[in-house]
Structures are given as structure tokens and as C-alpha cells.
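Chain S is already provided as a structure; the job is to place chains E and V with the ligands on it using the hints.
In order, the protein sequence lines correspond to chains S, E and V.
According to the working numbering, the stretch in the first sequence is residues 9 to 330, in order.
According to the working numbering, the stretch in the second sequence is residues 2 to 171, in order.
According to the working numbering, the stretch in the third sequence is residues 353 to 780, in order.
Keep in mind the hints are simulated off the structure, nothing from the lab.
Treat the hints loosely; a few may be bogus.
To be verified - Pairwise CB distance ranges, derived in the manner of DEER restraints:
no., chain 1, residue 1, chain 2, residue 2, range
1, E, K81, V, F769, 42 to 48 Å
2, V, I576, E, A5, 46 to 52 Å
3, E, I87, V, S359, 18 to 24 Å
4, S, E277, V, I441, 33 to 39 Å
5, S, G48, V, F664, 25 to 31 Å
6, S, P182, V, L671, 31 to 37 Å
7, V, F664, S, E277, 56 to 62 Å
8, E, L130, S, P182, 20 to 26 Å
9, V, V609, S, P182, 33 to 39 Å
10, S, D16, V, F769, 46 to 52 Å
11, S, A49, V, M532, 52 to 58 Å
Said to hold, decoys possible - Keeping only pairs whose Cα atoms sit at most 25 Å apart, straight-line, the calculated BS3-like set for lysine-lysine is:
no., chain 1, residue 1, chain 2, residue 2
12, V, K740, V, K617
13, V, K740, E, K149
14, E, K3, E, K151
15, V, K429, V, K740
16, S, K271, S, K146
17, E, K149, E, K3
18, E, K151, E, K7
19, V, K617, E, K11
20, V, K740, E, K88
21, S, K17, S, K44
22, S, K258, S, K156
23, V, K740, E, K11
24, S, K103, S, K235
25, E, K151, V, K740
26, E, K149, E, K82
27, V, K740, E, K81
28, V, K740, E, K82
Every residue, glycine too, gets a C-beta built ideally from N, C-alpha and C.
So you can see what is in the structure, the chains are spelled out below.
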Amino acid sequence: TATAYSADKVLKFHSGYAESRPEAGFVNEFAELVSKMSDGALQIDVYHAGSLGLKEPDMLRILQQGAVDMALLYGEYYSRDAPELSAVYAQGAIKEAEEHLEVLPTIRDIYAQEYADWGIKTIGGVVSPVFDVGVHCKQPASSIEDLKERKVRVWSAHLVDTFTRLGVSAQVIPQNDMYMALQTGVVDCAYYLSTVAETVSLNEVTDFESYIHPWAAAPAMFGVSMKTWETLSEEQQQTLQEAGQEIWEKTRALAVDPQREAKARENRESLGITMLEPFSDSDVEQFQSAAFQAWETIAKRAGEDGLSIFNEVTHKIQENNQ
Amino acid sequence: MKTAYKIIDKLVYWMFLAGVVSGIFMTALVFVSTLMRYLFNSPVHFSNELAGLLFLSITFLTIPHVLNIDRHIKIDLVVKKLPSRIKNPVGVFASMVMIIFSLVFIYESWGFMNFSRLISSRSDISGILLWPWMILMPLSFVMCVVVKIKHACLFRGADEVNRLVVEEKS
Amino acid sequence: MSWAILSTGLLSLLSSGAVLGAALGLVGFILLHFQGGGATSLAINSAWNLLTGFSLTAVPLFIFLGDILLSSGVSTKVYNGLTPLFRRIPGKLLHTNIAVCTLFSAVSGSSSATAAAIGSVGYPELRGRGYSPSMVVGTLAAGGTLGLLIPPSLALIIYGATQNVSIGKLFLAGIIPGIMISGAFFVWIMVRAKVGESVTPEDKEDMDWGAVFKGLLQVWPLPILIFFVLGTIYMGVATPTEAASLGVTASIVLGFVWGNLTLSKLWSAFINGTIMFSAIAMIMLGTAILSQAVSLLGLPREAVAAIAELGFNRYGILLMIVLVYIVLGCFFDGISLLLMTLPITFPMVTSLGFDPIWFGVIVTLLMEVGMITPPVGLNLFVLTSITKNEVDVTEAAWASLPYWLIILAAVLVYTAFPWFVTWLPSFY
Ligand code: NA
Ligand code: NA
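Looking at chain S on its own, in the form it has when it is part of the complex:
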């Protein structure tokens, strides 16, 4: 960051992702790319892990006011201010990782439009890797039937609803409390992104893992406050757009990678995790149908916009499946 002070323009970039996550690395790449493309005239100063002191649920307002120039936007965090955004995508939406790439353009368009309503310009972003999502338990569990006797930690209201429909007791527990909750047995299982479970030391408090479905990962868009955008020269705007698009294409190409997932799984096994059979096809079927019902409920709660987004995305998914 030392060179940042000699640049013509320095943009403050907020990211809520911990630096241990691959997404953070791509944001750094974006910053380097912008610097290179502008010969150092335009600099992106990335603040990882929320180190600007900003919290995700506030980001739409903050960008609208222009208190920070740029942010990595992850649509699922904004349900307080923009409930329709939580209708864009939901866990259980896809059963195969490739489906994600097919529905991705639709999702990107919706986000671009919705963020624009908040005075936020989107310029590409990070297509998050389609990680495995699994259930990580202290005792073996690899079916919905098994989970009915357990307490499961999940990360969203949609997932609470989905599991409740399946007769499984689920609760949202903040990520910082998850380790202790599993260690002491407040919950028995965590529904989590298996591939990155090691970064939060999940392997130390759970011994068994069973795969459910690929992560329906809302892409992490690069958002620029319109207030900042309007102060940029045309050249600078173009640089940002090109760099954003380049990272988008690069990460899109890397997103689905069975080899990466297999390697990560081997790594977890070497850490002492016992890999159980994945959830059966009929269980996944059941999970998906519950997830769609819960998804629709959330979309309805968000009003007309939410419902039309839900219809558009689910229509696209069904179209792809045929």
C-alpha cells in the first residue's frame, strides 16, 4: 500500500471475507490488475475481513451514501434492507455444480439491476468457487433421518425453514460461536461449506462429514458507489470495468473444479475426518423440494419484486434441467 499514496486516485475497497478465503485472493488480484492497467495512476486499497469497521448488512446504504468507494457485495447479506435480494438464489437450488454456471448470467443481471437501484455500479466480480456443502457432525449422520435426532447449525433463515420442513431442528448460530457450540455439544452438526471448513477449524470439533449438494454461491460482485463512479474519468471507469470483467471471467473458469474438490476432500480425510456416503438421491430430492418451498416463502415475504425474481431464476433453473 506504500505506493498507493503516489497515485492520482485511491479507492477504498471493503471486503467482509477473511483473508484465508480464496475470494480475498481474487480481490487482491483485481487491485493489482487495476494498478497495472492504469500504470499506477488508479489504486485500489483493499480492506479485508471488514477491517474498515463496516458490517455487511449496512453495505447497500453505505455505498449509496458514498462513505466508502467500493465493496465486495454478497447478495445474501442484505435481506434487512433489500429482502428481494435474498430471493435471488438459495441453497438447494442446484444439484450439480455445472448448473451453477448456466444460471449465473441471469443472476448477475438481476444483481446488476438491483444494485443499480441503490446507486451502486457493478463492474464484474468474483464468481465464488462452487464448493461442496456438507453436514459436519460429531456422530455419523448422512441422511435426513439421521439428522432428525440432531441439532444442526445453519447460516440463514432460509435454511432454518428448509430444515424445519424436513423435521430437522436447525438454528442460526454466528460463525464465531460455532466452534464452541460444536465442541460442547450445544449443536451436533454444522451445515457448512466443506471445502473451506478447515479455515474455521471445523475438523477439530467434528469427525464426520457427508456431502449434500454444491454451494449455490451468489457471485461476489464488485460494487462501486455511484458517487465515486461519477468522479472518475472515462478512462478510469473503463479500467475498472475491464479489470472487473477479467476477474469475473477468470474466476468463472475456475469455479467448477471437481479435482480441486477431490483434493480438498483428501486433505480433510488426512486431518482425520471420516467421509460418509453422500446424502442419497431421494434425500437430496427431498431437501431440494423443501428448499424451493422455503425459498418461495422468503420471496413472497419480500413482495412483488421478490416473487418475480424468484420466478425468473427458478424458471431458468427448470429450463436448464430439461
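Same frame as chain S, now just chains E and V with the ligands:
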């Protein structure tokens, strides 16, 4: 004037009592939800969220009364050592700090609440409408300003009172 | 410029005798407005996030717990019971503060909650028995800092999750330093009780094993409470935050059954507790606004980044990092400081060949130092509030100085002998 003071005292005290009740309710809520999860495997999904909102309520409902009875924490080490002729201006400055802080806070928190009301922001899990809770923030500091004004008026009359107290003691 | 506003603003507003929370918050507003491009609205976001967060709810709950024990007379009976045992030990009941804090740290992930919980009982009980108020406050402020070091610890969890370090190893690494520092606190209390003016009440009676035994029979509610707060966590009944509510319920039952709690006493315990908590919350509000301003301006990051350019050797850089954390500790504490600085300090320190687990413990110790470093030190504020301003912030800071030095000495010892920290996790 005395009735006005009494009304202010009562008002902030009722707010305070509402804050105490929020605290009791929060304790009970967390307790019940913990037991429900442990004994019946059915946690109260919204308990953390609601507990958070009650926590906010305790804070903002009680700040004015605590200001009124002068129980907020200050650093008065320097002030104590000042010669008495500049004690008063410093005291006025200290009051201005509280009042200016309150005014900025009222302005910004009102904007925050009003914006949330316009887009009807709701809590994540239980969908509780948020602006009625948010309005506690400006309300609290409006009452703080009122209390500060009351203190200032009392302070002007304090010389009179001091004289009476001294007479009574002697 | 920002640094100048920060330091002169704090100096003048805090020393004016203004309400502390308002003074801190106003400095934050000024920074946000003039240096942050008019971003004062962010203050409200951060206030809202802080005060609707679940993890802080433990603070008022533990204060209620303390006040209920106090007004029911349960705590008086317990302290009376413990008195004969500590009669011949220099420092007497002061040791209970450290002992209970150490024990309590094993359930609480937060430093201020620990100080609030033990302080709300320990202060009035010891003060009433003739102990020096500032000495009591010093032991409580110091004891509270153990909350971050002895697992579970929010600081270590966040360190582990953001820097991809094993949380289990970090927890193990905290145990030996936690016990050692707690031990050093005991030793200091004994030394202090022997020299200088008296800090404990006079007591000529001899050690009487009969009285000790009789006293200990009086203490039986203590294990029950410890079970409800500690045991329920390790049995998986409750998270550390939730355990506070179990503790409150247990204290109400104990108060009615064994103490002389009545409904009206219970109600006034809630009232007293709420006043105390409100004073703390006002300060939390102010610190939230101030740290929002300082983090938005990237000040900590700037300070830490400057070190890299000094060209020192590894111990020189480490020393500078420690110094910067001490300076930053004047203005901040706890988790926000961790989040703001780790992205730079972690790669810097580990690339110099220091152990990541070891650095986690060192950084946690430095966080703890910040908790008791004035002018902005949450443990000091919490205790000032508990003493109803009988011991003011400045006195509390002076009283904490010896413990502050002990913790820094510990940083030195663990730098010279890192195996104190890394030995236990090596078995994991
Ligand atoms: Na702890
Ligand atoms: Na501090």
C-alpha cells in the same frame, strides 16, 4: 417550573422502568430458549434476534434517567484540580459536549430510522419491523437534551439553594 | 491530521469532565465529519450493530447475576465463609477476585463481561470489609483480562478464523500463559500486602482450622452457581452467552431458598443492575462511534504499516509492533483492534519466522493490555461504573498499572521462551 421538572423526572423514569422490564424479559427469553433447545430440541429461532433488540432497548431507554441522576461515568480528575473561577466555564463546556453529541446523534439516528421506515427494513430471521426499535435512538437523546436543559436551569437556581442549605446547617 | 484531532480531541473532551461516552462519541463524529468525508451516518450503523448483537447481552446478564447475589445476602455468606481460609495469607480476600476471575475466564470469552460479573459482587463485598477500594478495582480489572486468554476466548477464535490457524491449538496455547499470569497476579497481591500502606483490613486472629472448616461449609452455593454457569457450557446445554441467563435463574433460586431474597429485593437488584449497565452502555456507544471513525480512516493499519519501512531486525520489528499495539491500546480495545491490525501484523510477524500460534497468544495479551490502558479502556470503565464512581477512571488506571506491567513482562518472557506457549499445543 417545578411541575415541568417533575414531569421530566417522571417521563425519563418511566422510560427507565420500561428498560428494566426489557432486561428482565431478555433474561427470561434467553433462558427459555436455551431450555427449549436442550430439553425439547426445539430452539426459539428468533430468540437471539429479539434478545439483541431488547438489549438495544435497555440501553436507549435507560440512558436519559441515568443522566438525570448523574450516574454516567466522567473523568473529573482535571476538573477537581482547577481553580474555582474556571470551573464554571469548563462545566458549561462539558455540558455542551453532551448536548452537541446528542444533537448529532439525534439527527443521524433519525435519518437512519426514517430511511429504514421508508424501505420497511425487517430483521433477518423473524422479519420483525425494525423502525419502531430504531426510533428509541433519537428518542433517548432528545430526552438527554431535555434533561441537560433541566440541569442547566437547576444549576442557575443552585446558588440560591446552596445558600439555603448552608443556613439550615448552621 | 487525523492523529492530531484524535489525541487533542480526546485529551480536551475527556478531561473536561463531560459524560465519557459523549466525549468519545463526539471525537468520533468530528473525525468522521472532517476526515472521513462527512461519513457521520456510519456512527449510527455501528451503534446499531453493537447494541443489537447477541454476544454483548452477557454483560447486563452477569451484572444482574451479581446484584441478585448481593441483595439476597448469598454473596455475603459466601465471602464470610471464605474469610477464615484467607486470614493468614497476605492480601486475604483480594485473592478471591483473581481466583474467581480465573475460573470465570474458563466460561467467558470476553474480558468486560468477566470484570462486570466478578466486580458487581466482589467490589461491594470487599469494600464493605475494609479493603482498599482502588486495590480491589485493580485486582478486578486485571482479573477480567484473563477472560480473553483462558479458553474459550473470542479473541483467539477470531484470530484463528481470519488467519486460518487452528482454534483448538490456540485455545491450548492460552492455558499455560493464563495460569502463569494469574499466578503472577497472586504473587503481586501478596507482595503489595506486605509493603507500603495497608490495603487489607486489620485482623489479629490466628488461623483456626475449625473456623476454616466451618466457613467452607458455608460456601456450598458457590459450586452450584459455578455449575450453572460453567458446567452447563461444558455439558453442551448452553453457549457462553446463554449460560449467563442460567446463572441469573440459579441465583434467583438460591437467593430465595438460601438467602433472604424477596420480590422487592429482586426488583431493586434489577433496577441497580440496569443503572450500572446503562452507564457502561453509554460508554460502549461512544467507543463504537470512535472506533468506527478510526477504522474507517485506516489509522491502525497506517501505524502498523509504517513499521515495515523502518528496516529493523526481527526482534526490532516485534518490539515496534508491541509498542504500536500499546499506543493503539490507548484508544481502542479488543476485537476491533484485532480485526484492523491482523491483516498486516500477521504476515509480517510470521514471515519473520515467528510461530503463528505463539503470535496469537502475544496479540491477545496485547489486547488485554489495551483493556486496562487509559483513556479508552473498557475494563476500567466497567469497574468505575460498578463502584458508582467511588473509584474514578484515573484511579482505576493507576491501580491497574502493576498488572499492566505484569502482562507486558509476560510478553517479554514468552518472546524469550516461546515454548511456554507452544508446548501444550504441540501435543494436539
Ligand atoms: Na475465556
Ligand atoms: Na485501551
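Here is what the structure says about each hint:
As the Cβ distance of K81/E to F769/V is approximately 45 Å, the hint placing it in 42 to 48 Å holds. Checking the proposed 46 to 52 Å range against I576/V and A5/E shows it holds: the Cβ atoms sit about 50 Å from each other. For the hinted restraint 18 to 24 Å between I87/E and S359/V, the CB-CB distance of approximately 22 Å keeps it satisfied. At about 53 Å, the CB distance of E277/S to I441/V disagrees with the hint of 33 to 39 Å.
For the pair G48/S and F664/V, the beta carbons lie near 28 Å from each other, so the given range of 25 to 31 Å is met. Between P182/S and L671/V, the C-beta spacing of about 36 Å keeps the proposed range 31 to 37 Å intact. Between F664/V and E277/S the CB atoms are about 43 Å apart, so this pair departs from the stated range of 56 to 62 Å. For the pair L130/E and P182/S, the supplied restraint of 20 to 26 Å holds, since their beta-carbon distance comes to about 23 Å.
Judged by the Cβ atoms, the range 33 to 39 Å given for V609/V and P182/S holds: they are separated by roughly 35 Å. Taking 46 to 52 Å as the suggested C-beta distance range, the pair D16/S and F769/V conforms, at roughly 50 Å. For the pair A49/S and M532/V, the beta carbons lie near 53 Å from each other, so the given range of 52 to 58 Å is met. For the proposed pair K740/V and K617/V, the alpha carbon gap of about 19 Å is at most 25 Å, so the pair holds.
Restraint check for K740/V and K149/E: satisfied, since their Cα atoms lie roughly 20 Å apart, inside the 25 Å limit. Distance restraint check for K3/E and K151/E: the Cα-Cα separation of roughly 10 Å lies within the 25 Å cut-off, and the hinted pair is therefore satisfied. At roughly 23 Å between alpha-carbon atoms, K429/V and K740/V fall within 25 Å of each other, so this suggested pair holds. At roughly 23 Å between alpha-carbon atoms, K271/S and K146/S fall within 25 Å of each other, so this suggested pair holds.
Proposed proximity of K149/E and K3/E is supported: the alpha carbons are some 15 Å apart, at most 25 Å. Of the pairs offered as hints, the one joining K151/E and K7/E holds, with about 10 Å between alpha carbons and a cut-off of 25 Å not exceeded. Note on K617/V and K11/E: the hinted pairing holds, with a Cα-Cα distance of about 22 Å set against a maximum of 25 Å. Taking the CA atoms of K740/V and K88/E, the gap is near 23 Å; set against the 25 Å cutoff, the hint holds.
This hinted pair checks out: K17/S and K44/S have alpha carbons roughly 14 Å apart, not beyond 25 Å. Proximity of K258/S to K156/S is assessed by CA-CA distance (about 41 Å); at most 25 Å being required, the pair is judged violated. About 23 Å separates the Cα atoms of K740/V and K11/E, which keeps this hinted pair within 25 Å; it holds. Restraint check for K103/S and K235/S: the C-alpha separation of about 40 Å exceeds 25 Å, so the hint is violated.
The hinted pair formed by K151/E and K740/V meets the criterion: a straight-line CA distance of about 23 Å does not exceed 25 Å. Restraint check for K149/E and K82/E: the C-alpha separation of about 24 Å stays at or below 25 Å, so the hint holds. For the given pair, K740/V sits about 17 Å from K81/E by alpha-carbon distance, which is consistent with the 25 Å threshold. Taking the CA atoms of K740/V and K82/E, the gap is about 21 Å. The hint holds against a cut of 25 Å.
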